[in-house]
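Protein chains: 2
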Amino acid sequence: MGTSKKIRAAIGQSSWIRKMFEEGASRKAIYGEENVFDFSIGNPNIEPPAEFKNILKELLDDSGKGLHCYMPNAGYKDTRDAVANYLTKQGEQIFSPDDIVMTVGSGGALNIILKTILDPDDEVIIIMPCFMEYKFYIDNHQGIPKFVTSEPDFSLDFKSITEAITEKTRAVMINSPNNPSGKVFSREELESLASLLMEHSEKNGRPIYLVSDEPYRKIVFDGVEVPSMFDIYKYTFVGTSFSKDLSLPGERIGYAALNPGMEDREIVSAGLVLSNRILGYVNAPALMQRAVNSLLNVSIDVDIYQKKRDILCDGLASLGYEFIKPQGAFYLFPKSPVEDDVKFVSALQDENILTVPGSGCGGPGHFRIAYCVSDETIINSMPGFKKTIEKFK
Amino acid sequence: MGTSKKIRAAIGQSSWIRKMFEEGASRKAIYGEENVFDFSIGNPNIEPPAEFKNILKELLDDSGKGLHCYMPNAGYKDTRDAVANYLTKQGEQIFSPDDIVMTVGSGGALNIILKTILDPDDEVIIIMPCFMEYKFYIDNHQGIPKFVTSEPDFSLDFKSITEAITEKTRAVMINSPNNPSGKVFSREELESLASLLMEHSEKNGRPIYLVSDEPYRKIVFDGVEVPSMFDIYKYTFVGTSFSKDLSLPGERIGYAALNPGMEDREIVSAGLVLSNRILGYVNAPALMQRAVNSLLNVSIDVDIYQKKRDILCDGLASLGYEFIKPQGAFYLFPKSPVEDDVKFVSALQDENILTVPGSGCGGPGHFRIAYCVSDETIINSMPGFKKTIEKFK
Numbered sequence: 027m028g029t030s031k032k033i034r035a036a037i038g039q040s041s042w043i044r045k046m047f048e049e050g051a052s053r054k055a056i057y058g059e060e061n062v063f064d065f066s067i068g069n070p071n072i073e074p075p076a077e078f079k080n081i082l083k084e085l086l087d088d089s090g091k092g093l094h095c096y097m098p099n100a101g102y103k104d105t106r107d108a109v110a111n112y113l114t115k116q117g118e119q120i121f122s123p124d125d126i127v128m129t130v131g132s133g134g135a136l137n138i139i140l141k142t143i144l145d146p147d148d149e150v151i152i153i154m155p156c157f158m159e160y161k162f163y164i165d166n167h168q169g170i171p172k173f174v175t176s177e178p179d180f181s182l183d184f185k186s187i188t189e190a191i192t193e194k195t196r197a198v199m200i201n202s203p204n205n206p207s208g209k210v211f212s213r214e215e216l217e218s219l220a221s222l223l224m225e226h227s228e229k230n231g232r233p234i235y236l237v238s239d240e241p242y243r244k245i246v247f248d249g250v251e252v253p254s255m256f257d258i259y260k261y262t263f264v265g266t267s268f269s270k271d272l273s274l275p276g277e278r279i280g281y282a283a284l285n286p287g288m289e290d291r292e293i294v295s296a297g298l299v300l301s302n303r304i305l306g307y308v309n310a311p312a313l314m315q316r317a318v319n320s321l322l323n324v325s326i327d328v329d330i331y332q333k334k335r336d337i338l339c340d341g342l343a344s345l346g347y348e349f350i351k352p353q354g355a356f357y358l359f360p361k362s363p364v365e366d367d368v369k370f371v372s373a374l375q376d377e378n379i380l381t382v383p384g385s386g387c388g389g390p391g392h393f394r395i396a397y398c399v400s401d402e403t404i405i406n407s408m409p410g411f412k413k414t415i416e417k418f419k
Numbered sequence: 027m028g029t030s031k032k033i034r035a036a037i038g039q040s041s042w043i044r045k046m047f048e049e050g051a052s053r054k055a056i057y058g059e060e061n062v063f064d065f066s067i068g069n070p071n072i073e074p075p076a077e078f079k080n081i082l083k084e085l086l087d088d089s090g091k092g093l094h095c096y097m098p099n100a101g102y103k104d105t106r107d108a109v110a111n112y113l114t115k116q117g118e119q120i121f122s123p124d125d126i127v128m129t130v131g132s133g134g135a136l137n138i139i140l141k142t143i144l145d146p147d148d149e150v151i152i153i154m155p156c157f158m159e160y161k162f163y164i165d166n167h168q169g170i171p172k173f174v175t176s177e178p179d180f181s182l183d184f185k186s187i188t189e190a191i192t193e194k195t196r197a198v199m200i201n202s203p204n205n206p207s208g209k210v211f212s213r214e215e216l217e218s219l220a221s222l223l224m225e226h227s228e229k230n231g232r233p234i235y236l237v238s239d240e241p242y243r244k245i246v247f248d249g250v251e252v253p254s255m256f257d258i259y260k261y262t263f264v265g266t267s268f269s270k271d272l273s274l275p276g277e278r279i280g281y282a283a284l285n286p287g288m289e290d291r292e293i294v295s296a297g298l299v300l301s302n303r304i305l306g307y308v309n310a311p312a313l314m315q316r317a318v319n320s321l322l323n324v325s326i327d328v329d330i331y332q333k334k335r336d337i338l339c340d341g342l343a344s345l346g347y348e349f350i351k352p353q354g355a356f357y358l359f360p361k362s363p364v365e366d367d368v369k370f371v372s373a374l375q376d377e378n379i380l381t382v383p384g385s386g387c388g389g390p391g392h393f394r395i396a397y398c399v400s401d402e403t404i405i406n407s408m409p410g411f412k413k414t415i416e417k418f419k
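In order, the protein sequence lines correspond to chains A and B. If you read the first sequence in this note's numbering, its first letter stands for residue 27, the second for the next number, and so on. If you read the second sequence in this note's numbering, its first letter stands for residue 27, the second for the next number, and so on.
Hint data in this document are derived by calculation from the structure and do not stem from the laboratory. It is possible that some hints are incorrect.
If several chains are the same, the list does not tell them apart, and a pair holds so long as it fits within one copy or across any two.
As the list claims (entries may be wrong) - In the DMTMM-like style, the derived pairs of lysine to aspartate or glutamate whose C-alpha atoms are separated by at most 20 Å in a straight line are:
1. K115 / E60
2. K91 / D327
3. K333 / E73
4. K361 / E177
5. K260 / E292
6. K32 / D148
7. K244 / E292
8. K244 / E73
9. K32 / D147
Please take these sequences and the hints and turn them into a complete structure.
Given below as structure tokens:
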């Protein structure tokens with residue numbers, strides 16, 4: 027009787043990612059850091075760029091007052107100006123600071139967007155495989171998640187998406203570069219998606235929003251293009267963070283942005299600000315808002331992740347693992363050599379290799395490797411990967 | 027059609043506090059900082075204690091890695107240990123780190139507590155006058171807020187509370203020292219409240235929780251006692267922050283704590299952690315968690331606020347304003363000299379004095395003065411307060 031029914035049920039089906047992350051911590055304590063190959067969570071092993079620490083120190087040395095005070099719920103005006111300018115330079119839309127709300131990470135951004143747009147029982151389409159927290163984010167605001175599968179190469183399956191759209195569809199959530207597959211959706215795919223959503227928005231008499239979760243936007247390989255959804259579809263929201271490209275996931279700093287071309291721009295913007303306040307976030311952390319202000323064009327060295335991807339892909343391919351080579355983010359999503367991915371992940375765990383079952387990422391029959399770890403961890407895990415796949419041959 | 031119906035309605039009845047805060051910012055731009063007497067928001071004008079900046083600098087100078095990474099959703103173990111030890115020393119209960127979840131401020135703490143305990147249509151009793159955001163926090167999790175009035179001196183009105191309790195009552199929210207009245211509930215009152223809630227918990231066959239919002243606990247005057255609710259009532263949650271006692275409201279760092287004596291302690295604790303994750307907070311800001319770790323016994327100099335209270339109370343009393351002298355926090359909640367408090371607040375605004383109508387704080391016929399401003403602001407506002415009360419005589 028201590029908790030609500032929903033929370034009690036949700037505790038039972040707790041996050042695989044977090045479960046493996048905490049398993050990793052206890053195994054490291056027992057076996058030693060270097061003997062556990064922890065690929066469980068997207069917790070970047072690369073330190074933030076030097077500019078980040080320098081700016082924090084400058085801010086603290088500055089004798090200015092009020093560094094840690096409340097500011098407007100949307101965030102500091104100059105930080106929102108900086109984000110608006112940055113986004114304006116990225117594409118064809120002209121952003122104003124009112125199109126931006128600074129948030130408690132991408133999780134905060136997605137929640138304020140969903141809170142703003144969802145009436146009870148509105149449906150939100152989620153493209154699998156995906157970050158499973160979306161399900162909770164939608165449920166937080168009384169929406170109904172509707173999952174659709176992708177093509178075997180993780181590209182959009184328009185037949186499934188079309189079948190999932192109803193009069194109650196309020197949004198489609200996408201994530202590109204994708205967690206867990208590393209897929210980057212092509213311009214062509216996204217344009218087709220936009221046409222489909224526009225057609226049904228008109229038919230429904232209200233917008234079907236596209237909610238684009240983009241924390242990995244800067245982490246792409248081999249020069250692949252990540253098209254701006256703002257230029258492709260009017261009813262676009264972006265939720266993003268500095269967690270991955272500046273390696274700051276614990277600091278909870280990100281933003282929500284709305285397409286300036288959207289109708290009802292003012293009221294939607296006011297809704298985002300209100301939601302940021304009433305969901306209890308109140309505002310994004312003050313010091314971090316000031317820090318990222320001048321870091322919009324900075325990121326960790328993406329080549330480091332590309333090298334890790336290559337070491338991992340070459341290694342696993344040579345052992346007989348099958349996968350689609352990721353174009354971005356820092357996840358690999360190979361096929362499980364046996365149908366039961368939980369069983370396979372558990373066998374890897376016997377070798378102190380911690381991964382996440384695909385069924386915990388909307389992609390059963392696969393498993394997720396978060397390779398934002400040291401090169402040594404990847405290299406030294408290979409014997410365990412070898413031993414495990416051989417068990418199932 | 028851009029937003030949900032609920033958000034559209036809520037934008038219309040937006041927060042008086044935030045409205046006046048933003049009004050203050052624009053008036054300062056027009057009339058000059060020193061000519062606007064901005065008592066709108068609890069944004070402390072006292073800088074954080076020197077220890078805070080020193081610790082942040084030490085953390086940044088430390089070459090340790092992973093300062094900004096993810097940690098368990100509940101927060102760093104050593105920070106939770108520190109909070110547990112601190113709370114254990116404050117009263118008779120023995121806290122473990124599992125009784126603590128580090129949160130995005132008190133707003134985050136209250137939301138994860140409410141998310142954990144509320145089933146749809148569960149009722150939550152709010153004691154007026156109050157911080158009106160509670161209404162939204164409860165609604166976020168499909169609860170029903172039920173407001174009850176207090177005695178004219180802001181002490182608990184047991185008749186109203188008793189009448190408000192039903193089979194659906196899941197929690198009572200209190201805030202002592204109180205925003206907006208500055209009232210500190212006495213041990214006797216709180217013990218009577220505990221008996222009442224225990225009696226009805228037994229009758230209902232499930233706990234009626236007490237959710238105690240305590241960001242002002244350390245800000246009390248004249249040696250008044252703020253009894254620990256943990257020692258008084260088994261089904262107590264505390265939500266609090268370092269926003270006010272360390273002057274860090276923009277940094278969003280606080281915690282939720284549950285009474286170790288509560289039944290279902292483990293599952294309730296797991297519910298809080300899960301809620302922190304799935305509401306999109308994920309975790310409290312990393313650097314701030316490390317900073318507050320060693321600052322649990324530190325606070326700004328409370329005498330400074332006591333002096334401000336005295337200047338303000340003496341000044342307003344001599345002008346004929348009527349009020350209950352606050353025992354804590356940094357708010358004064360005088361009677362409006364006319365019934366229509368919005369009208370009176372608007373007249374004060376004509377003198378560039380920004381306050382909040384009592385109707386925006388569950389206390390119509392009053393107005394709120396947040397006196398966490400410079401002594402000069404208080405002193406220099408007196409002619410405006412004088413002119414305004416004289417208009418209505």
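Taking the hints in turn, this is what the structure says about them:
1. K115 / E60: neither (44 Å within a copy, 39 Å between copies)
2. K91 / D327: between (34 Å within a copy, 17 Å between copies)
3. K333 / E73: within (16 Å within a copy, 46 Å between copies)
4. K361 / E177: within (14 Å within a copy, 67 Å between copies)
5. K260 / E292: Cα proximity of K260 and E292: one copy only (15 Å, versus 47 Å across).
6. K32 / D148: Close inside one copy (19 Å) and across copies (13 Å); limit 20 Å.
7. K244 / E292: neither (29 Å within a copy, 40 Å between copies)
8. K244 / E73: within (16 Å within a copy, 37 Å between copies)
9. K32 / D147: Result: close both inside a copy and across copies, 16 Å intra and 13 Å inter.
Taken one by one, the earlier hints fail for this structure at numbers 1 and 7, listed in ascending order.
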